[in-house]
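**Q** If you read the sequence shown in numbering that gives the first Met the number 0, its first letter stands for residue 0, the second for the next number, and so on.
Just to be clear, a hint being listed does not mean it is correct.
Said to hold, decoys possible - With beta-carbon atoms standing in for the labels, derived distance ranges: (1) LEU119 to LYS44: 26 to 34 Å; (2) THR192 to ILE337: 47 to 55 Å; (3) ASN168 to HIS146: 21 to 29 Å; (4) ALA313 to GLU188: 54 to 62 Å; (5) GLY295 to ARG89: 34 to 42 Å; (6) ASP298 to ASP35: 19 to 27 Å; (7) ASP35 to VAL179: 40 to 48 Å.
To be verified - With a cut-off of at most 20 Å between alpha-carbon atoms, the simulated EDC-like pairs for lysine to aspartate or glutamate come out as follows: (8) LYS135 to ASP75; (9) LYS255 to GLU245; (10) LYS255 to ASP222; (11) LYS340 to ASP35; (12) LYS255 to ASP178; (13) LYS255 to ASP193; (14) LYS44 to GLU93; (15) LYS255 to ASP140; (16) LYS135 to ASP94; (17) LYS135 to ASP277.
Bear in mind the hints are in silico, worked out from the structure with no lab data behind them.
All C-beta atoms in this analysis are idealised placements derived from N, C-alpha and C, irrespective of residue type, glycine included.
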Amino acid sequence: MKKHHLTGLLLLLASMAGMPGGVHAAMDSDGDGVPDGIDECPNLKEDFDSVYGGDVDGCPSDFVPWYDMDFDGIQDHIDDCPTVKETYNRVDDEDGCPDISAKEGKNIADSDADGYPDYLDLCPGQPETYNGIDDKDGCPDDFAMIHDADQDGISDGLDECPLQSETYNQLEDSDGCPDVAEVVTKQYEFPDTDGDRIEDRRDSCIDEAENYNDYLDWDGCPDVPGAESLVISDMDFDGIPDVNDECPAERENYNKFEDSDGCPDIVRLLTVYDTDSDGIYDPDDACPYSPETYNGLDDSDGCPDRVADNKLEADSDGDGIADGADMCPGQPETYNGIDDKDGCPEDS
Numbered sequence: 000m001k002k003h004h005l006t007g008l009l010l011l012l013a014s015m016a017g018m019p020g021g022v023h024a025a026m027d028s029d030g031d032g033v034p035d036g037i038d039e040c041p042n043l044k045e046d047f048d049s050v051y052g053g054d055v056d057g058c059p060s061d062f063v064p065w066y067d068m069d070f071d072g073i074q075d076h077i078d079d080c081p082t083v084k085e086t087y088n089r090v091d092d093e094d095g096c097p098d099i100s101a102k103e104g105k106n107i108a109d110s111d112a113d114g115y116p117d118y119l120d121l122c123p124g125q126p127e128t129y130n131g132i133d134d135k136d137g138c139p140d141d142f143a144m145i146h147d148a149d150q151d152g153i154s155d156g157l158d159e160c161p162l163q164s165e166t167y168n169q170l171e172d173s174d175g176c177p178d179v180a181e182v183v184t185k186q187y188e189f190p191d192t193d194g195d196r197i198e199d200r201r202d203s204c205i206d207e208a209e210n211y212n213d214y215l216d217w218d219g220c221p222d223v224p225g226a227e228s229l230v231i232s233d234m235d236f237d238g239i240p241d242v243n244d245e246c247p248a249e250r251e252n253y254n255k256f257e258d259s260d261g262c263p264d265i266v267r268l269l270t271v272y273d274t275d276s277d278g279i280y281d282p283d284d285a286c287p288y289s290p291e292t293y294n295g296l297d298d299s300d301g302c303p304d305r306v307a308d309n310k311l312e313a314d315s316d317g318d319g320i321a322d323g324a325d326m327c328p329g330q331p332e333t334y335n336g337i338d339d340k341d342g343c344p345e346d347s
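Work the whole structure out from these sequences, hints included.
**A** Structure (structure tokens):
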């Protein structure tokens, strides 16, 4: 009952987006009635199939999320940029990478060929690594990238010239200082830490070599056949048998954090982490799982606020979820990672 009630409210909100005047409820790219702001598959239609559970997440019931990390509708094994969404602008829409269309027959310069044109690329001389860290800035990033004043892809703690950008001309490119090379003979090569011939930007296990046993050889991880075995069942194909797998339907991501439990984990830098990427660090963010809207209303609290001009967009409890889509309009959402989209307070 809750699912159908919520579905009706979402469809009503989506239809209000086309009405003139006031603040629009939300965009709905795939036209499935689930606004993009809460749609986990904004380019794939929700099929509202009750057989596969009662949650309306915006995805079709047969959608397998661990095969499409960036939720762009292109499965990871054929997605050239598995952690960055395809732009769907009719330019190479099948490669899974964000592309910029050329206008009037003129090509747009992209010196490092990372899919970001030079005028949008903060590091036009060095390609984006596409490892899930700041993948939209065009710079090669790693987990040590906490602060980078000159935006050259080398964190200030390792940068000998933190206020001057590295030139990336194959001359002492790791010191972070601008260098002048008289002759540059070597062409840039994408790193391959484990030497398995799968570049780190596409390797799910950069410190463990692919074992090439005709089983998921494209992911860069040493795999053990499981699901096809008559003895050992491995539903999620992560190399951990279901009997030992705490998440048998979700693949382990092998990031050296609890890799033996079989669950996909995220290593968080708690001191400076910004879960919703709204520019307000989690310790100061009242809504760490929902980005600030920056509309001049309580912009420092980190919550998505709405200036309502009609009852359909009113937000009685001030939790950033309009009453029309809020299952508990008189009680604010707690934003603790548990059902944060229903508008109700839950216990951690």
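**Q** Please list, smallest to largest, the hint numbers that this structure does not respect.
**A** Hints 2 and 12 are the ones this structure does not satisfy, whereas the remaining hints hold.
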